[in-house]
Amino acid sequence: MSTDPTGFDPDRAYRRSPRVALRPEPFGALAYDFGTRRLSFLKTPTLVTVVRTLEEQPTVHAALDAAAVPAAERPAYLTALAGLADAGTIEPRESL
Amino acid sequence: MTEPNGVPTQLADPAAAENDPADAAMVEEDLLVEEVSIDGMCGVY
Amino acid sequence: MKLVEHFKHGLTAPICLTWELTYACNLACVHCLSSSGRRDPRELSTVECRALIDEFQRMQVFYVNIGGGEPTVRADFWELLDYAVDHQVGVKFSTNGIRLTPPRARRLAATDYVDVQISLDGATAEVNDAVRGPGSYDTAVRAMGNLADAGFADFKLSVVMTRQNVGQLDAFAAIAQRYGAQLRITRLRPSGRGAEVWDELHPTAAQQLQLYDWLVARGEKVLTGDSFFHLNALGSAPLPGLNLCGAGRVVCLVDPVGDVYACPFAIHREFLAGNVRDPGGFAGVWGTSELFERLRRPSDGGTCGSCSAYDSCQGGCMAAKFFTGLPLDGPDPECVKGHGERALAGVSAAPRSDVDHSRRRTAVPLSIGFGVPAPAPADRACDISPLAGFQPTP
Numbered sequence: 001m002s003t004d005p006t007g008f009d010p011d012r013a014y015r016r017s018p019r020v021a022l023r024p025e026p027f028g029a030l031a032y033d034f035g036t037r038r039l040s041f042l043k044t045p046t047l048v049t050v051v052r053t054l055e056e057q058p059t060v061h062a063a064l065d066a067a068a069v070p071a072a073e074r075p076a077y078l079t080a081l082a083g084l085a086d087a088g089t090i091e092p093r094e095s096l
Numbered sequence: 097m098t099e100p101n102g103v104p105t106q107l108a109d110p111a112a113a114e115n116d117p118a119d120a121a122m123v124e125e126d127l128l129v130e131e132v133s134i135d136g137m138c139g140v141y
Numbered sequence: 142m143k144l145v146e147h148f149k150h151g152l153t154a155p156i157c158l159t160w161e162l163t164y165a166c167n168l169a170c171v172h173c174l175s176s177s178g179r180r181d182p183r184e185l186s187t188v189e190c191r192a193l194i195d196e197f198q199r200m201q202v203f204y205v206n207i208g209g210g211e212p213t214v215r216a217d218f219w220e221l222l223d224y225a226v227d228h229q230v231g232v233k234f235s236t237n238g239i240r241l242t243p244p245r246a247r248r249l250a251a252t253d254y255v256d257v258q259i260s261l262d263g264a265t266a267e268v269n270d271a272v273r274g275p276g277s278y279d280t281a282v283r284a285m286g287n288l289a290d291a292g293f294a295d296f297k298l299s300v301v302m303t304r305q306n307v308g309q310l311d312a313f314a315a316i317a318q319r320y321g322a323q324l325r326i327t328r329l330r331p332s333g334r335g336a337e338v339w340d341e342l343h344p345t346a347a348q349q350l351q352l353y354d355w356l357v358a359r360g361e362k363v364l365t366g367d368s369f370f371h372l373n374a375l376g377s378a379p380l381p382g383l384n385l386c387g388a389g390r391v392v393c394l395v396d397p398v399g400d401v402y403a404c405p406f407a408i409h410r411e412f413l414a415g416n417v418r419d420p421g422g423f424a425g426v427w428g429t430s431e432l433f434e435r436l437r438r439p440s441d442g443g444t445c446g447s448c449s450a451y452d453s454c455q456g457g458c459m460a461a462k463f464f465t466g467l468p469l470d471g472p473d474p475e476c477v478k479g480h481g482e483r484a485l486a487g488v489s490a491a492p493r494s495d496v497d498h499s500r501r502r503t504a505v506p507l508s509i510g511f512g513v514p515a516p517a518p519a520d521r522a523c524d525i526s527p528l529a530g531f532q533p534t535p
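Protein chains in written order, with our numbering: chain A, 1 to 96; chain B, 97 to 141; chain C, 142 to 535.
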C-alpha cells in the first residue's frame, strides 16, 4: 500500500464533503463533486455505506467496523478512502 | 463479450498503472473507486 | 464490473444532459445541429422550466448543459440559471457570446456551479465567420475577453472540427490559453443543417489521423466530449474517455418544446423518446420510454462486431450513421478503416428531420442570410428576430 502523502488518518473523524452529491445506483453509487466537477464511481454498496456513515462515527476505523467490512478487505477500503480524501470527496471533521 | 478499452482519467492508485497494462486492468478491477471525466461521455454539447 | 459496463445498461437518471432552451438564435451557422433560428411558439414557459429543474433536482441529475439556439436570448435565462444552481443542478451553458457583457461576466464569475462554453469554429475571423456568420468571431472574442477580465477561470472554448480548421489546432490552444480558458474540440456530425454541409465540412481521412495524433501528443488538457472514440482504431493509445455512446443511457436531450431525444445530434422522430409534458414528466420518459429501453439493451455490434477495431471504436456514432443514411448496425461514415466510405456508396437517400427552425429556407446565395435579418413584416410572432429591440453595449 502506498504511503499516504495527504495526511489521511483513519483514526480521525471524517465526513462526506458537503460539495459532493452521492447518488445511489444498483451497483454502488455515483459521487459528483460540484466544486471540482469530478465524478467518481463507488463500486460497492458497503463503501457507499461507509462514506455515508463517516459523519456519525468517531473514526474511519469505527465506520468500517460499523459497516462490517471484513478484515481481508480493510486495506482496500482504506486505500479507497485515502484516495477519496485526496480528491476532497471526504474531509476531516472536528469530532466532539 | 470482450472488455471495451475505456480508460478512466484517473486511477485511485496511479503507481499500479505503470506496470503491464493487463495488470493495471486487474488492479483497476480491485479498486473500489473509479474516477470518470464528466466530459468523457458522448452525447452532450 | 467497470463503470462503463454499467453505463451501457443505463442509469436511474442521466449524469448530465443537454437542455436546448430555445430554437431562437441570433446566428445562422451553416452546420447548426439543431437547425435553430426561429423561436418555436410552443416553447416551455418559465414555470414549466422551473418544474423541469425541480425534476432534475429530484433525480439528482448532476448538471445540465443549456444550449439552443442561443439560450441567452430568452429573457428568463438568467433567472433559470440561478434557479438551477440554487436547486443543486449544476449548469454549463453554450453560447455564441452575444449577451456576455462585462456585468454579466462578473456576475457569472461570482456564481458557484456555473460554467460557460463559448462556441468558435475558426481561429481566425476568416475561417470562423464562413461557418458562423460575419461578426461572430468578434462576438465570441469579446465575450471571452469579458470573462477573462471578470476573473472567470477555465471557461470552455468549444470548437467543432471541420476540414477548414483542423490545421488551426495549435492556434485554438493558444487562444484558449490567452483567455485562461480550457479548449474543447468536438466532432462535426451530419445533424440538423450539418447534413447539408457534411460533404464539404467533415475532415478528410488524412485530417482525422492528424487530429488523432494531435490529441495523443498535445491533447492532455483538451476536452473532447468523448466525441472522437471512432478514431481510436488509428493508434494503440485510446483517447481518454468512456469511448461510449451515452445516448439514452447516461445522457439525453430535452428540446425547447419539451421533447426528449436520445442525444442532441439525433433530433429526429426516430430518436424521440417522449415529452416532459407527458403525464410522467421527464422522469417517466427517462425511466420507461420504449426507445431508451431499446438503447439500453446489449448489442452485439452488428456487422462491426467481427472487426478487430470494434473494441476501440464501438461502431462509432449512431447519429452520424443515421443522418448519412447508413444502417445503425454497420460502420460509422468516418470509419477509419474505410468501411463507412464503402457503405456510403450504396446509400440512395439520407433521412432529414422535420424539426427545422431555420430562419430562411428559400434558395438564396450563401453570402446573405447570416446575422440579424433586416426588419421585415412578420407573418407570425416567431418570425421576428429574437434580438428585436436589443442594443448591444459598445
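Derived by calculation from the structure, the hints in this document are not laboratory data.
C-beta: ideal position from N, C-alpha, C; glycine also.
Misleading hints may appear alongside valid ones.
Stated by the list, open to error - Covered stretches of chain C (chain B as the covering partner; in silico rule of three or more C-beta atoms under 8 angstroms from a C-beta of chain B): (1) 197-206; (2) 362-376; (3) 380-391; (4) 469-475; (5) 486-498.
Stated by the list, open to error - Residues from chain A that keep clear of chain B, each with C-beta distances beyond 12 angstroms, as calculated: (6) R12; (7) R15; (8) A31; (9) D33; (10) D65; (11) A66; (12) E73; (13) G83; (14) A87.
Going down the list of hints, with the structure as the test:
| no. | hint | in the structure |
| --- | --- | --- |
| 1 | 197-206 | holds (count 3) |
| 2 | 362-376 | holds (count 7) |
| 3 | 380-391 | holds (count 9) |
| 4 | 469-475 | violated (count 0) |
| 5 | 486-498 | violated (count 0) |
| 6 | R12 | 19 angstroms, holds |
| 7 | R15 | 17 angstroms, holds |
| 8 | A31 | 8 angstroms, violated |
| 9 | D33 | 10 angstroms, violated |
| 10 | D65 | 17 angstroms, holds |
| 11 | A66 | 17 angstroms, holds |
| 12 | E73 | 9 angstroms, violated |
| 13 | G83 | 4 angstroms, violated |
| 14 | A87 | 7 angstroms, violated |
Of the numbered hints stated above, those contradicted by the structure are hints 4, 5, 8, 9, 12, 13, 14, listed in ascending order.
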